[in-house]
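Novice: The listed protein sequences correspond, in order, to chains S and C. No gaps in the numbering here: position 150 of the first sequence is 150 in this note's numbering, and each next residue is one more. No gaps in the numbering here: position 93 of the second sequence is 93 in this note's numbering, and each next residue is one more.
By construction, these hints were calculated from the structure, which means they are not laboratory data. All figures in this text were calculated on a predicted structure; none of them were measured in a lab. It cannot be assumed that every hint is accurate.
Stated by the list, open to error - Result set (DSS-like, lysine-lysine): computed pairs, CA atoms no more than 27 angstroms apart in a straight line: (1) 139(C) x 228(C); (2) 343(S) x 383(S); (3) 383(S) x 228(C); (4) 343(S) x 448(S); (5) 353(S) x 87(C); (6) 205(C) x 448(S); (7) 353(S) x 105(C); (8) 205(C) x 353(S); (9) 407(S) x 205(C).
What the hints assert, rightly or not - Far from chain S, by Cβ distances over 12 angstroms, these chain C residues were calculated: (10) 13; (11) 15; (12) 49; (13) 51; (14) 108; (15) 135; (16) 139; (17) 146; (18) 152; (19) 195; (20) 217.
Claimed, not checked - Stretches of chain C that chain S covers, calculated by requiring three or more beta carbons in the stretch to come under 8 angstroms of a beta carbon on chain S: (21) 204-212; (22) 220-226.
The C-beta atom is built at its ideal place from N, Cα and C for all residues, glycine as well.
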Amino acid sequence: MALPSQALPARLDSRRLLTALGAVALATLTGLLIFRFLDLADVAMLFVLCITVVATRCGRWAAVTASVLSVACLDYFFIPPRYTFAVQDIRHVGTFAVMLGVGWVVADLAERIRTQTRQALDREQRTNALYRLGAALGEGGDAEAIQARAEAHIRQTLGTPALVLLADRNGQLRPRPEAELALQPDELGLAQWSMDQRDPAGHGTAMVPGARCLFLPLVAEEAPVGVLVLGPGPDAPRSGSRPGGLTLALASQVTLALARARLAEERAEARRRADHEQLRSTLLSSVSHDLRTPLGTITGATTSLLAPGPEANPDDQRMLLLSIHQESCRLEQLVNNLLDITKLESGPVQVKKEWVPLEEVVGAAVSRLEERLGNRPLALDLKEAWAPLDPVLLEQVLMNLLDNALKFTPPGSAIRIATGTWGDQAWLTVEDAGPGFVPGEEETVFEKLRRGSRSGPVPGAGLGLAICRSIAQAHGGAIMASNRPQGGACITLTLPLEGTPPALPQEGTPP
Amino acid sequence: MNADHPVILVIEDDAPLRRYLRATLQAYGYGVQEAATGAEGRDLLARTDPDVVLLDLGLPDVDGLDLTQEFRGWSQVPIIVVSARGKEEDKIGALDLGADDYLTKPFGSGELLARIRVALRRGAGAAGTEPVVETGPLKVDLANREVYLDGVPVHLSPNEYGLLAALVRNAGKVLTHQQLLQEVWGGLPAAQSTYLRVYMASLRKKLEPDPGRPRLLLTEPGVGYRLKA
Chain S
1 MALPSQALPA RLDSRRLLTA LGAVALATLT GLLIFRFLDL ADVAMLFVLC
51 ITVVATRCGR WAAVTASVLS VACLDYFFIP PRYTFAVQDI RHVGTFAVML
101 GVGWVVADLA ERIRTQTRQA LDREQRTNAL YRLGAALGEG GDAEAIQARA
151 EAHIRQTLGT PALVLLADRN GQLRPRPEAE LALQPDELGL AQWSMDQRDP
201 AGHGTAMVPG ARCLFLPLVA EEAPVGVLVL GPGPDAPRSG SRPGGLTLAL
251 ASQVTLALAR ARLAEERAEA RRRADHEQLR STLLSSVSHD LRTPLGTITG
301 ATTSLLAPGP EANPDDQRML LLSIHQESCR LEQLVNNLLD ITKLESGPVQ
351 VKKEWVPLEE VVGAAVSRLE ERLGNRPLAL DLKEAWAPLD PVLLEQVLMN
401 LLDNALKFTP PGSAIRIATG TWGDQAWLTV EDAGPGFVPG EEETVFEKLR
451 RGSRSGPVPG AGLGLAICRS IAQAHGGAIM ASNRPQGGAC ITLTLPLEGT
501 PPALPQEGTP P
Chain C
1 MNADHPVILV IEDDAPLRRY LRATLQAYGY GVQEAATGAE GRDLLARTDP
51 DVVLLDLGLP DVDGLDLTQE FRGWSQVPII VVSARGKEED KIGALDLGAD
101 DYLTKPFGSG ELLARIRVAL RRGAGAAGTE PVVETGPLKV DLANREVYLD
151 GVPVHLSPNE YGLLAALVRN AGKVLTHQQL LQEVWGGLPA AQSTYLRVYM
201 ASLRKKLEPD PGRPRLLLTE PGVGYRLKA
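Use the sequences and the hints to build the structure in full.
Specialist: Listed below in C-alpha cells is the structure:
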C-alpha cells in the first residue's frame with residue numbers, strides 16, 4: 001500500500017496573513033507617493049506585482065487575501081472619487097475583476113511550482129535515505145545483522161526509535177526485551193496482530209490509534225517476515241495521518257533484505273542437510289561393506305565346521321575357529337566405533353574431567369589389548385604427566401591409536417608410547433614403524449570415513465581417528481598426525497593443563 | 001557351596017548367550033541354572049541356592065540395578081553383573097549396591113571363568129580372612145602389615161598400605177572409587193578420587209616394574225581398581 005506524498009496545503013497562518021497585509025500596505029504607500037507622476041493603470045500594475053510576490057512567497061490563500069485587499073485599497077485610495085469605496089467609472093469594475101483573476105491565476109501557478117519543488121526535494125531525500133539503507137542492508141549478513149543495521153539506520157533517518165521484530169518458523173514474533181525500544185506485553189500482542197493481519201496498527205492507524213508505537217508488518221511474497229516498530233519521536237507521524245511514504249519505502253526495503261537473508265539461511269540449511277545425507281549414505285555403504293565382510297567369514301567358517309563332510313584335520317579346524325574369533329573382534333571394534341561416532345555426533349560430548357596420570361590411561365588400554373599385542377615390542381617412555389581428562393574417553397582414544405598401529409604395521413615391528421608435559425599442555429604420542437602417512441594427508445586422515453591412501457587391504461571404515469579428534473576437541477585439546485624422520489607414523493595428542501595438578505597430601509593427616 | 005560342582009545361576013534374556021554360557025560352564029564342571037527373566041531368576045535364587053549369580057543388567061522385565069539391590073537384601077550369594085560397553089554408571093551403580101564384579105559384553109570364556117573363580121573364592125569365605133596373601137611376585141602379610149615384592153620387603157606409607165590392603169583383601173575383585181575411599185579413608189566423597197589416583201600412582205611406582213604396563217594393580221577406567229588375582 002503506497003500513499004501519495006503528503007503535500008501540505010498552503011494554509012493561511014498569521015505569519016502569511018501579515019506578509020500579505022504588509023505587502024499590500026507597501027504597494028499602497030508606494031502608489032500614494034508616485035501617484036502624482038503616474039497613471040492609474042501603473043498603480044494597478046503595482047498591486048498586480050504585489051499580488052504576484054505574495055503568491056510566490058506565501059501561497060494561494062495569502063495571494064487571494066492580497067488580491068482582495070489590493071482591490072479594496074486601489075478603490076479607496078486611487079479610484080475617483082478618492083478616499084471612498086464608491087466607483088464613478090464602471091470600467092474600473094473591470095480592472096478589479098482582472099486584478100482578482102490575475103491574483104488567483106498567479107497564486108495557482110506559484111502554488112503548483114511550490115508543490116513540485118517540495119515533491120522533488122522529498123523524492124531526493126527519500127531516494128537518498130533508501131539508497132543509504134539499501135547500501136547498509138546490502139552488506140549481507142544474517143537476519144540478526146540486518147535487524148540491527150535497519151534499526152540504526154531508520155532511527156537516524158526518521159529520528160524515531162525503531163525496532164525490527166523477526167518472526168520464527170511458526171509465525172510467532174520473537175520478543176527482544178534487550179532492545180532500546182522495549183515493548184510492553186500488550187504492544188507485543190499488537191505487533192503480532194499487525195503481522196497476522198498484514199495491516200499497520202498502533203499510533204495513528206485504525207487499530208488502537210492511541211498506541212505509543214506504530215507497527216508496520218513486513219510481508220515478503222505473502223509470507224510475513226516480521227514487524228517494524230516505530231517508537232514515539234520528533235518526526236513520528238501525526239495522530240490521524242497514515243504512515244509516510246518514506247517510512248513505507250524503508251519498511252519494504254527492510255522486508256526485502258530480511259527475505260533475502262532468510263532465503264540464504266534456508267539454502268545453507270538445505271546444503272547442510274544434503275551434506276549430512278551424503279555423509280550418511282557414505283557411512284551406510286562403507287559400514288554395510290565392513291559389517292558384511294567379517295560376517296561372511298564367520299558364516300563360511302562356521303558352516304564348514306558344522307558340515308557333516310569328511311572329518312577336517314584339527315589344524316584346519318583351529319584355523320577356522322581363529323578366523324571366526326578375529327572377525328568377531330573386528331566386528332566388535334567396528335560396532336564400538338559406530339556407537340561412539342553416533343554418540344559424539346548426536347550432541348555435545350559429556351566430558352567428565354578428573355586429574356588422571358596419563359600412565360594410568362596407557363596402562364588400562366595396554367592391558368586391554370595385551371592379547372592382540374602378543375610379543376610386539378612395545379616401548380613405553382612415560383614421564384610423569386597428570387592432566388584433567390575423562391579416563392573412559394581417553395582410553396578409547398588410545399585403544400583406537402593402538403588398534404591402528406597394530407593394523408597398519410608389519411607384525412613384529414615396534415610400537416612406542418610416550419607421555420609428558422610441555423608448558424601448559426600434557427602430551428601423548430603413539431609411534432609405529434609402519435609405512436606412515438602420505439605427505440599432505442596428515443590433516444585429512446582425521447576426517448570421518450577418510451582413510452589414508454596407504455590403508456591398502458586393511459579393513460576399516462575410517463572412523464577411528466575421527467573419533468579420536470572429536471574426543472580430543474571435546475577436551476579442549478588437539479590431535480596431530482606426522483611422519484617420524486626414521487619412517488613410521490606418529491600421532492600426537494595434546495591436552496590443556498587447567499587448574500592445579502594434585503599433589504601428594506601429607507601422610508598421617510586426612511587428605 | 002555345592003561341593004565339587006558349584007552351581008551358577010545365569011539370569012540372561014538372550015538365548016544364544018545363555019546357550020554359550022551353559023556350554024562353557026558345564027565344560028568346566030559347573031552346574032548351571034538358567035533364567036530368562038528377572039522374575040524367574042528371583043524364583044530360582046530362592047529355591048536352588050546357587051554359588052554365583054551371573055546377572056544381565058539389561059533384562060526386559062526388571063531393572064538390573066533394582067534386582068541387585070533386592071538380592072542383596074536377602075542373599076549373600078556373589079553377583080557378577082553383565083552389561084554393555086559404555087555403561088560405566090550402571091557398573092558402578094551395581095557394584096556400589098553390592099554386586100561383586102562385572103563383565104562387559106562381549107567377553108571371552110577366559111575372562112568369564114576368572115571372574116567366577118574369584119567370586120567363588122569370596123563366596124566360600126576364603127578371601128579376606130587369610131593373614132597372608134600371595135599373588136604373583138607380591139606377598140602381603142595382613143596380620144603384620146608387611147609387604148614383600150619378590151621376597152624383598154617394601155616400605156609403604158600408611159595410606160599406600162591401606163589402599164593395597166583393601167585391594168588384597170578383595171583380590172581379583174574390582175573395587176569402585178567409592179568403595180576404596182570408604183575402606184581406606186572411612187568414606188570421603190567420590191569427588192576425592194584424585195587422592196586415590198595419587199596414592200595408586202605412588203603405589204605402582206613401588207610395586208610395578210613398568211607402571212605403564214601394570215601386572216598387579218589394574219585400572220578399570222571410569223570404574224575403579226582391581227588387584228590381579
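Novice: Counting residues of the region 204-212 of chain C that have a beta-carbon nearer than 8 angstroms to any beta-carbon of chain S, does the count reach 3?
Specialist: With 4 residues in contact (Cβ-Cβ under 8 angstroms with chain S), the coverage given for the region 204-212 of chain C holds.
Novice: Residue 353(S) and residue 105(C) were given as a pair; does the straight-line alpha-carbon distance stay at or below 27 angstroms?
Specialist: holds (25 angstroms)
Novice: Can you confirm whether the C-alpha distance between residue 353(S) and residue 87(C) stays at or below 27 angstroms?
Specialist: Given pair residue 353(S), residue 87(C) holds - Cα atoms ~17 angstroms apart, limit 27 angstroms.
Novice: Hey, is residue 146(C) genuinely clear of chain S, shortest beta carbon separation above 12 angstroms?
Specialist: holds (18 angstroms)
Novice: Has the given pair, residue 343(S) with residue 448(S), been kept, meaning a C-alpha gap of at most 27 angstroms?
Specialist: The given pair, whose Cα atoms are some 14 angstroms apart, holds under the 27 angstroms limit.
Novice: Hey, does residue 139(C) actually stay past 12 angstroms from chain S on C-beta?
Specialist: holds (22 angstroms)
Novice: Mind checking the alpha carbons of residue 343(S) and residue 383(S) for me, to see if they're no more than 27 angstroms apart?
Specialist: violated (32 angstroms)
Novice: What's the verdict on residue 407(S) and residue 205(C), does the C-alpha distance respect the 27 angstroms limit or exceed it?
Specialist: Given that 27 angstroms is the threshold and the Cα spacing comes to 32 angstroms, the pair is violated.
Novice: Going by Cβ atoms, does residue 15(C) stay more than 12 angstroms from chain S at every point?
Specialist: Correct as stated: the minimum Cβ-Cβ distance to chain S is 17 angstroms, above 12 angstroms.
Novice: For a C-alpha distance cap of 27 angstroms, please report whether residue 383(S) and residue 228(C) respect it.
Specialist: Given that 27 angstroms is the threshold and the Cα spacing comes to 25 angstroms, the pair holds.
Novice: Are all beta-carbon distances from residue 108(C) to chain S longer than 12 angstroms?
Specialist: violated (9 angstroms)
Novice: Are at least 3 residues of the region 220-226 of chain C within less than 8 angstroms of chain S when you compare beta carbons?
Specialist: holds (count 3)
Of the numbered hints listed earlier, those contradicted by the structure are 2, 6, 9, 14, 19 and 20.
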